[in-house]
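Undergrad: As you go down the protein sequences, you meet chains A and B in turn. According to this note's numbering, the residues represented by the first sequence are 1 to 31, in order. According to this note's numbering, the residues represented by the second sequence are 1 to 442, in order.
Keep in mind the hints are simulated off the structure, nothing from the lab.
Computed from the model, here is a short list of chain B residues facing chain A with C-beta under 7 Å:
| id | residue |
| --- | --- |
| 1 | 17 |
| 2 | 21 |
| 3 | 47 |
| 4 | 85 |
| 5 | 88 |
Beyond 10 Å from chain A on every Cβ pair, some chain B residues (computed):
| id | residue |
| --- | --- |
| 6 | 140 |
| 7 | 158 |
| 8 | 162 |
| 9 | 214 |
| 10 | 309 |
| 11 | 401 |
Just a sample of chain B residues kept apart from chain A, beta carbon distances all over 12 Å, derived:
| id | residue |
| --- | --- |
| 12 | 64 |
| 13 | 200 |
| 14 | 222 |
| 15 | 283 |
| 16 | 289 |
| 17 | 294 |
Treat the numbers as computed from the prediction; the structure is a model and nothing was measured. A virtual CB, placed ideally from N, CA and C, is assigned to each residue, including glycine.
One-letter residues, chain by chain:
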Amino acid sequence: MREHFATLAALATATLLLLACLAFALIRSGS
Amino acid sequence: MRSSHIARGIFWLGLYVALSTLPLLLVVLTASPDKPGRTFWTELSVGLGFVGLAMMTLQFALTARFEFLKSPYGSDVVYVFHRVISLVAVAFVLLHPLMLFVERWDTMKSRPFTHPFAFWMGTVSVLCLVGLVVVSIWRKKLGIQYDGWRRAHAILASLAVAFAVAHILYVGHYLSTPGKRALWLAYTAVFVGLIAYVRLIKPAIELRRPYKVSAVIPQLGDAYSLQLKPDGHRGLRFSPGQFAWITIGDSPFSDREHPFSFSGSSESAPDLEFTIKQLGDFTSTIKNVQPGQTVYVDGPFGALSADRHPHAEALVFIAGGIGITPMVSHLRSLADRRDTRPLVLLYGSKNLSTITFRDELAVLQSRLPHLNLVYVLSRPTPDWTGEKGFVDAEKLARFSPKNLRTEYFICGPDVMMDAVEKALQSNGISPGDYHAERFNLA
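The shape of chain B in the complex, shown without the other chains (with noise of 0.2 Å):
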């Protein structure tokens, strides 16, 4: 299982390379003799705008939630590649025009440019670039709200990938042929049917698979459990542990849809339920949606899943906060299924007024009699008699199961989950045995 997971891995790791290096590929295969090469900085230059470019591209495949794509890494490692790899296309794409700069200056003074429009067109895209840069990486200093910054980011990714295509079109110095002209095309073709894909097809797929709210409960810990039943259709099928984009009071075409762990049982399905909590904009406007509400779910994606290892014979939870809800979904549906081997949660909360689930978690063990449920409060009231502080170390290694073989799932917010997966390894446990997904996306 883990094997294919890696060889997927780095398969399409392999093909992003292939398909950024194409461009450079096809210069050199069908090179003109009657068109020699120019200066070595003249041609890196150009190299470098080239797979820029094509980086750019893909980068729109990176983003576009295909879950077959993200589901050998899970989608935060997806999204941590997309940002690196995104500078460093910028970095290339900046690299070129400076490289050709320095390698004219002496031409330039007296003629400043031989395509002026093509100039402009480059311009266009790596000011484009560089906003786009500006405002992923200072968003939250900037004030700029989550989904003002999505709209934001994907109109500017457009504007920089259309503006750069100009560019290589006007200047047309490697277009000489008919199959360069082809790849561009198709490279364009490619960028332009992802956009068309993930702002027409996917939301008017969403459209038409609607599902209505059947109860909004509220919970422990300032959160809101969300049921939702499909309204006219099969619904879709999930593994525990996995999460969705969901839409509320808007149309899928919006793009106002926000990612959350599915909180109910696989075995539900198709009733679905998420549990939010209240920490932002958006999700302070749960406690007021309606029962009948429609509701838009796009989904399911993430790789954070004990289904995804069966062989697993003990199943350890690593809970901080709201991170509860896709533990809660592991539980319920081993439950449901009624699965026999240990099972640990360790939920680390900040008292027992603020755990959330807490009732439901005292039924869940008694239907689960090998769960050891473990309570770690940090500002317990003095008459706790369980454990305190925070999920360390030293309680992973006295609450895990012994000489079985162990998955840990990590879910809770990031200062929390660093401290885990370093007490994890500090206990010996390879990195291939724990498992955790993120979801500050932006």
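Looking at chain A on its own, in the form it has when it is part of the complex (with noise of 0.2 Å):
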């Protein structure tokens, strides 16, 4: 149960860097 807690957090952390990259992409690119 908490090593599936561990891998949501792991997962929702990666969605946030994931958006944060995009974020980057759209912001640098100017698009």
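If you follow the hints, you should be able to join the two separate chains into one complex; please do so.
TA: See below:
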């Protein structure tokens, strides 16, 4: 059960980081 | 108590996201107008590369055994997070060159590399990462021993980060200002500092705080108890249910250490006891350890402790096989503290002859009048009149104290822990009220 929470936390973190990368690319490319 | 753990947990997760994205924020905030952005895919590729490298550096902090960082969750949860997030970091890092190749395919045919040295640095870093993933996921299939794997893991991880830092320094596109260079210098310093801390400083501290084996006691179920006394220092304090990494017959610099739960009472500290079942290469050598031999101890670690739940009105311990060690530590500590709360130990074993600590548990039962000691035997002899089979939902419901705020502690083989967690859930026990920690770290 706790491992599922850890996996979920890691996947949520990964989503946030991916969104940050997309925002960075949008801002830097000016698109 | 629990809400403060949740708050600390969220804080560390937030800090992880902040530190991983800091390079991107710095680039955006300090972007110079004379250096316009490139295409979306190029910038996304660079962003993924930066974040991937920051994540790789932070992996060293996750596994550096900082108890303040792990205590809100438990060590096993941090290791699961480490494993999952490392795959994400590798995906980010792999996407970085892939996107650039696709984006620049036409120009690359005529002019392959603008920064050939940087390209090769990046390639070596990616190869180290791929190697790292392969030996970690398929360690057992590849027949790699635990000690050798730990060494290979550390070397490949260090090389991957070192070559990746060299890669971005040589490319240098976003390192034009002193601030950005300072950021990557700081990340590199943290990375080198963590390696120095784990490989040099911590072992040096352990070397100055040795323990001597005072006794090696054979136990039922193919296990041995190792009793230790601090040699020339005041030793350490621990909570029942915690564990430590121990090194026997080697220098603490050798990196040949293994995690074991304390089986002694926390009230007997600084004298320590570990009980180890013969299961693998290292554990099979425990019987050969001699009194007087030097042992190094790094700990305590772990969150599987009733001391973290002082408001519990009753405690239920569920153990399978050698998973009894943290539970015996609890019962010994609670007996020494003259605890009067209702206690239950549900202890799954094959048969009576494999019950590690059977005699000790009989003594503990006489010292703890409120302890209900229940053996659950999977392969009992025909004359056994006690509980048979496995620790299941029905037995948990039957033996759990009624109408009391009860906390459950589980330790045993993975299959058993999965089954018990499911059974507790089906009995309506909230996940916040049961606690488990797993030790299959690799």
